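Undergrad: What follows is the residue order along each chain.
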Amino acid sequence: MAEPVFAPWTDPEAKPLIQFRNVTKRFGDFTAIDDLTLDIYEREFFALLGPSGCGKTTMMRMLAGFETPTEGHILLNGQQIDTVPPNKRAVNMMFQSYALFPHLTVFDNIAFGLRREGKDKDFIQARVDEMLRLTRLSKFAKRKPHQISGGQRQRVALARSLAKAPKLLLLDEPLGALDKKLREETQFELMDIQEKTGTTFVIVTHDQEEAMTVASRVAVMDEGRIVQVATPDVIYEAPNSVYVADFIGDVNLIRGVAKARTAAPQATPAPKPVPEPATEAAQPALNRDPRPEPNAMGAWLHDNLLKPILGERPEDDAPKALPAPSPEETAKAKPAAAPDIPEGGLSIDWVDGQPALIAANGDAALDGKKVVLALRPEKLSIGKDRPDAPNVLRGKVIDIGYLGNISTYHVELTDGTKVKAQVANTRRISRRNITWEDDVWLGFTATAGIVLEDEA
Amino acid sequence: MRRFTLIAIPYLWLLALFLVPFLIVVKISLSDVAIARPPYMPQLDLSEGWAGLKAFFSELDFENFAFLTTDELYWKSYLSSLRIALISTLLALVIGYPIAYGMARAPDEWRPTLLMLVILPFWTSFLIRVYAWKVILAGDGVLNSVLVATGIISEPLQILNTNTAVFIGIVYTYLPFMILPIYSALEKMDDSLLEAAEDLGASRLSAFWMITIPLSKGGIIAGCFLVFIPSVGEFVIPELLGGSGTLMIGRVLWQEFFNNLDWPLASAVAVVLLAILVIPIMIFQRSEDRARERGE
Ligand SMILES: Nc1ncnc2c1ncn2[C@@H]1O[C@H](COP(=O)(O)OP(=O)(O)OP(=O)(O)O)[C@@H](O)[C@H]1O
Ligand SMILES: [Mg+2]
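Here the protein sequences come in this chain order: A and L.
Under the numbering used here, the residues of the first sequence are numbered 1 to 456, in order.
Under the numbering used here, the residues of the second sequence are numbered 1001 to 1296, in order.
Just chain A, with the same shape it has in the complex (with noise of 0.2 Å):
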């Protein structure tokens, strides 16, 4: 994979297609969009997320040319767009309830924009067929709107934007009624036509796992403001807030007080703590013999001119360990073995009588504040015996939710806090030993969390 990685947003060379600059708009003395500033790079397939009214619409109408920013401006391509009228601008938006002419058909609706621009009869004939099959509609080319279902009509509409093959495509939820699997399927074929056109996307969705899936970066949107943009992956993986950590995807939400954690690792959870190895990366300095060793230059001058007065130099790279443990003895040694805990970060009190939970990769900056530790389901493992993990947590199941491929257990902790553990079905429901009301141990490692500042 020698190809570079698509990320224009990190070169400060690049030149951004639409640039959004402190751009406030107000409906009277409501404030839809907020100070927003913003850039979306050209072939870009970039996603706002975000509740319902935040003003996601309310973005892609003011790029379309339907609203005029109440304060600041709107850049495409360098060049100030507030005042162009929608049918200059190279720009087309599927709306969200579709708008399809319900007095021209199937076939009309996708030609409208290629009719506009004066196209001759055959490009257009062609072009609509091409939109047609792409869309699988060229059954119902001469349907009218009212004769096709929901999930065809959003698909005319879709095709109908896409057919004169914008510089920017506006997509308000543009794959909401469909079903996952034909829904999977347009946005594979949503990208591959990003990938051949050179289009840049700009869509709404409130489907989390579509945005992760199409786009290149993500902006979750609350009221009227950007909390975050960035990759879908560093979105879920490190969101900066409780809220987008909280929107975005499932998360256990765990709050209490951070407290910097001095470089040795005491606060280890295990009841008999033995500074025992866990690990050969973690040791090697602790179980060598404390031995001087030659630099490069001495080894030479052993080599070639002391050997035969001194003999063979002992092997450096064949350190004097202890032996290596039997099978047996891991085995036993494992649940008092101190699990591997990176140094630093924070420690956080989260209830009384519990061990503080470890975020290794927690910003020691946020020492004595209160935060909240995100974790994600999936992280946490779940098992009826004690894991061998920095993190532990003790509670009783109280729902299961059987999702297919994959479980969720609700526990219930000792103190009441429910949360979250997602685990993958590898066995048959039969096979499997946790069920309700049992007691069970949840695991994860010091970095498995994020700890972000608590804003309530």
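Treat the hints as calculated values from the structure; they're not laboratory data.
One thing to keep in mind: the hints can contain errors.
No more than 30 Å apart at the CA atoms, straight line, and that leaves these computed lysine-lysine pairs for DSS-like [claimed, not checked]:
1. A:Lys121 / L:Lys1217
2. L:Lys1054 / L:Lys1076
3. A:Lys88 / L:Lys1027
4. A:Lys379 / A:Lys180
Since the model is a prediction, treat every value here as computed from it, not as a measurement.
Since chain A is already given, all that's left is putting chain L with the ligands on it; use the hints.
TA: Same frame as chain A, now just chain L with the ligands:
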């Protein structure tokens, strides 16, 4: 059974209030004038049974219809009526469409008031309103006084007792029937359709022609028929506002009925008028049905 009753009610209604009177008119149109009461023959005498019925039917004929073709007054009146109705309808459309459009685009909270204003004239008698136009349009009427006083014209205009006054009267009277159906069609239209058209490269004007007009077609057609059909047979407006030269079939009908007491001929005039109007009414029905099929 319930469904049958449900269908039967409107049919009985139509039968009682339209078909029966119409058949009576047809019967009279086939009779002859007589100095009698009612002033035509034959009269159906059921006391004589079958023979009476036979005698009755043997006396009916198409004389009156034949007579309508001999005097050019009649077909000229028909033509003139159609022409006046057509011009009035077009005028009402040209005036009514922008009003309906403006109403449909007005802020939500204004619409009930605007709708009220359109219906308001119906609260006073039609006759009084037409009479009011007489006062406005007369040689020394309100309009001429204002125009002369402001110096726009030096001589009063002769509007009253011309076809112009008839156009004004018809357009004024029937304008709400043009506005309301168009308004209801426009009001249902989704604004985002125009945005979509603009987004796809249409100018405001072409979006209007390609989206707004086709989508309000149903309302336009309904409005035109609601104005055209009653205008053709209009009697009061040409009588009060028109001149002696204003030929309209409604006036002819009145004269035959009340001045000449020729009920059979008047009935024949009415039957022919209905026949002429049935054609556009059927076209109207067809377009309504098709609109319903389209689900609009
Ligand atoms: N023309 C308008 N007049 C007044 N308020 C408006 C107007 N258009 C939008 N708003 C308000 O602006 C806010 C943002 O609306 P917008 O349509 O952008 O939401 P959205 O994020 O697209 O929501 P959804 O996900 O439900 O589509 C909403 O609170 C809405 O009520
Ligand atoms: Mg929206």
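Undergrad: Each hint: holds or not?
TA: Cross-check of the supplied hints:
1. With a CA separation close to 27 Å, the supplied pair A:Lys121 and L:Lys1217 stays within the 30 Å bound.
2. For the proposed pair L:Lys1054 and L:Lys1076, the alpha carbon gap of about 37 Å is over 30 Å, so the pair is violated.
3. With a C-alpha separation of about 67 Å, the suggested pairing of A:Lys88 with L:Lys1027 is violated against the 30 Å cut-off.
4. Restraint check: the Cα-Cα separation between A:Lys379 and A:Lys180 comes to about 26 Å, which is no more than 30 Å; the hinted pair holds.
Violated hints, listed in ascending order, are 2, 3; each of the other numbered hints is respected by the structure.
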